[in-house]
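Q: Chains as they are written, first to last, in my numbering: chain A, 1 to 288; chain B, 1 to 325; chain C, 1 to 253.
Treat each hint with caution, since some may be false.
Unchecked claim - Derived pair list, reagent style BS3-like, types lysine-lysine, alpha-carbon separation capped at 27 Å:
{"hint": "1", "chain 1": "B", "residue 1": "Lys121", "chain 2": "C", "residue 2": "Lys100"}
{"hint": "2", "chain 1": "C", "residue 1": "Lys149", "chain 2": "A", "residue 2": "Lys173"}
{"hint": "3", "chain 1": "C", "residue 1": "Lys126", "chain 2": "C", "residue 2": "Lys147"}
{"hint": "4", "chain 1": "C", "residue 1": "Lys26", "chain 2": "A", "residue 2": "Lys159"}
{"hint": "5", "chain 1": "A", "residue 1": "Lys173", "chain 2": "C", "residue 2": "Lys100"}
No lab work stands behind these hints: they were computed from the structure.
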Amino acid sequence: MTTLLNIAILGTIWGAVYSLISVGFTLIFGVAGIINLSHGAFYMLGAYLAYTFITVLKINVVLSAVMAVVIVAVIGMIIDRFGIRRMRDRHAYVLILTLAISFFFQELIYGIFGSYGKSVESFMVGEIVLGGVNISYQKLLTLFIGAILVILLWLFIKKTRTGKSISAVSQNKDAALLVGIQYERVYLMTMGISAGLAAVAGVFIAPILEAVPTMWSFPLFKAFAIVIIGGLGSLGGAIIASLLLGYSETAVSMLFSANYSDMVYLVAIILVLIFRPNGLIGKKVSRA
Amino acid sequence: MQQLNQYTNLFGLKSLYKRLLGLAAFGVVVLLLPLVVKDLYYLEILFLCQYYVILACSWDILAGFTGNINFGHAFFIAGAGYLGAVLNLNLGWQPWLTLPLGAIVAGIAGLVVGTVTLRLKGPYFAAVTFCFGTLLYKWFMVSSKFLGGEEGLSGITSLTNSPLMNYYFSGVFMLIVILFLYLLAKSSFGIVLRSIGENELACEGSGINTTYYKVVAFVISAAIAGMAGAMYAHMQMHVGPEMAHDSLSMLVLMMAVVGGMGTIIGPIIGAYLLAITNEALRFLGEFRLLIYSGAVVAIVLFAPKGLLEIFTQLFRRVAGQARRN
Amino acid sequence: MKERETTGMEPILEIRNMSKAFGGIKAITNFDLQVNQGSLVGIIGPNGAGKTTLYNLVTGFYRADSGEVWFNKENITSLKPYQIVNKGIARTFQLADLFKEMTVMENVMVSRFCNRAKQKNVDGEKPWVTAMAYLEEVGLEERFNEKVKNLSFGELRLLDIARAMATQPDVLLLDEPFSGLDNEDVEILSKAIKDMHTKGQTMVIIEHRLKDLLKLVEWVVAIVFGEKIDEGTPSDIMNNPKVVSAYLGERSK
Chain A
1 MTTLLNIAIL GTIWGAVYSL ISVGFTLIFG VAGIINLSHG AFYMLGAYLA
51 YTFITVLKIN VVLSAVMAVV IVAVIGMIID RFGIRRMRDR HAYVLILTLA
101 ISFFFQELIY GIFGSYGKSV ESFMVGEIVL GGVNISYQKL LTLFIGAILV
151 ILLWLFIKKT RTGKSISAVS QNKDAALLVG IQYERVYLMT MGISAGLAAV
201 AGVFIAPILE AVPTMWSFPL FKAFAIVIIG GLGSLGGAII ASLLLGYSET
251 AVSMLFSANY SDMVYLVAII LVLIFRPNGL IGKKVSRA
Chain B
1 MQQLNQYTNL FGLKSLYKRL LGLAAFGVVV LLLPLVVKDL YYLEILFLCQ
51 YYVILACSWD ILAGFTGNIN FGHAFFIAGA GYLGAVLNLN LGWQPWLTLP
101 LGAIVAGIAG LVVGTVTLRL KGPYFAAVTF CFGTLLYKWF MVSSKFLGGE
151 EGLSGITSLT NSPLMNYYFS GVFMLIVILF LYLLAKSSFG IVLRSIGENE
201 LACEGSGINT TYYKVVAFVI SAAIAGMAGA MYAHMQMHVG PEMAHDSLSM
251 LVLMMAVVGG MGTIIGPIIG AYLLAITNEA LRFLGEFRLL IYSGAVVAIV
301 LFAPKGLLEI FTQLFRRVAG QARRN
Chain C
1 MKERETTGME PILEIRNMSK AFGGIKAITN FDLQVNQGSL VGIIGPNGAG
51 KTTLYNLVTG FYRADSGEVW FNKENITSLK PYQIVNKGIA RTFQLADLFK
101 EMTVMENVMV SRFCNRAKQK NVDGEKPWVT AMAYLEEVGL EERFNEKVKN
151 LSFGELRLLD IARAMATQPD VLLLDEPFSG LDNEDVEILS KAIKDMHTKG
201 QTMVIIEHRL KDLLKLVEWV VAIVFGEKID EGTPSDIMNN PKVVSAYLGE
251 RSK
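Just chain A, with the same shape it has in the complex:
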């Protein structure tokens, strides 16, 4: 019973983290049609900035978190404006560029911080016990923030004018232009949001996992697996798939071994690609 509760709770928490990471990734594809391979780097930068501000510079936690997220969002927008924007029609180059940027950041961080894991103190110390399961406040906080942000994002896109313009551009950018929506600006904004959300995940995970210079690759792959399962471009799909992945990984980790949980997303990618390339939900992906 405890195991089941464990899976349910931890799975939801990880699902929330993955949602923060994958929602931005799928948003960029749905809106701008590109796969941003530097997305994992945003997560990593969020974590390292959190470390720098909180642990090294001893700045207030809330301020640090906000600064880290804003900085990463700006970096994301710079990459979009000066990098990706120039090669929107040549997708192969976008892939190369964004992956090279990830490596660049990896090496930069390695040079500045070294390869040893950096840890950050929890924002809130302590834990509660729920039905025999220990859950740290940090994890609960992460779940809380993750859920709020995802809901806020959903509201933003559905209800606000700017949000609706994002929706419009993702459906048909030329039609959107006809009604006065500048799609380049929308891409920029989407990138900022996407990067920011990934950074939030990084900031909140920093106290839970160690920060290492190679930490950008697994969120990238998992985000990729999630959007494949949930369907590229589908927000709802990404959230559902994130939760699914959270639960599956936790279950595998509890029932078998933690080592295998890292393979769940890979098996998922392969299975979905072979049998249902369009994802379980979401936009068509294989044909024109």
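On the provided structure of chain A, position chains B and C as indicated by the hints.
A: Using the frame of chain A, we list chains B and C on its own:
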């Protein structure tokens, strides 16, 4: 018809004359170089250059022609390398067996991965290949005695009897690969591959089964890389997980992109450049990757056609100036 | 709607009750069309009426929500684009964006490498020789070694047709071949189309320039908002008030 002759010369072997001549000249230089360069250290670097050329050119077969970027080339290199190592250490198989086998197994792996992923859009293929590469690395790192874990496997039979023969082996291998690429580019297969890279939809609209062509290109790419990996394993007499590391995949990509994707000479330039700078900048250690990734970013942003294009433009400008003076 | 005089033969290409919607937008609704062998059919309709969507559905680039496409007595509805080309339907694209960095000759050669063309090839004929023949048909033989990105708009159109013809299709679908061309180029293109028709090539043409289209075709189908509103001979169609009003606001010469 006069025109018939005109364009017959554009296709078929005759059109390759200039390039084959260039290749022959290059070949002569490669073969005669050891007469000038005696130092073993430099010979090893040159071996590396040639090895990198094979890797970069094999990568470019798929990426340069069809535009499908493979982020996990190391998967085939290391996979075949380890396979060769295991067969050599446990069954005593010699290079003349392990190299072809490495090619075949890598080719089959390419077939399996390619068939599943190449029928979908580019990004899927790119990400899946990256996953495979990383997965293999992780597996090697945690693997048992059988695969040597972090240390890898040592004591593999040497490729040939001397560093000089190693150099010649890889040199000839490299020249054959370049020749193969030239022939491929001009063949009907090459033209179709290029058209896929240019405009896959129009290509389908012309009745071409693009998936089939992409998979074949990928299989060839993987097979050559596999054979090269096995060759490297014997030359180093050691294999380690770093052979599967994503930095090697990135390096290969970098050589082709910086040199000039899709042109055969581009990857050659990129490979030589990288191998030499890699040695020259050895004192920088890990920072080399920082420079390389920065270089890729710069090239993709400012000169996407690579160094070859920059050189060609420069050459034309200089030639233009000279003509004017 | 007037009944078309048929020769009693079954149509070579038939679209049966086809529908396709994108989200809430009904692009094509309950569409029927029969094309007889050797005929030259025109498809007209205001912008956004769904004409190109129709082509995309027939050629496999889009999947229909319902309905079928029959060709040469075969149901080709769910085939992939390249398979449909190999069955014998070829099309041109509205924005004839071909293989820009490759030469004119190479562009046509790609078509010669499809399975259908390879099967129909006379033994021993080199691909560039047969490709050249198609370039001659559209008058582009002089530019054979030119890179496509250097071609004029009109030449691009001709090349697209040559490329499509090189797959030796039984039915050729042209998508707005005259758009953006000056009158001289339209003349050249019209003549090329007429010649192909005389040689027995079955063709369907989507076109906006009504005057030029109506001079060529023998049967016209009018589409508005994804639905067929009329079909008949050119004079029938232009006398139909519904069709004329659909073009209000557009110059119908």
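Q: Each hint: holds or not?
A: Structure-based check of each hint:
1. Lys121(B) to Lys100(C): It holds: about 21 Å lies between the C-alpha atoms, which stays within 27 Å.
2. Lys149(C) to Lys173(A): 26 Å, holds
3. Lys126(C) to Lys147(C): 21 Å, holds
4. Lys26(C) to Lys159(A): 26 Å, holds
5. Lys173(A) to Lys100(C): At roughly 25 Å apart (the allowed maximum being 27 Å), Lys100(C) and Lys173(A) satisfy the hint.
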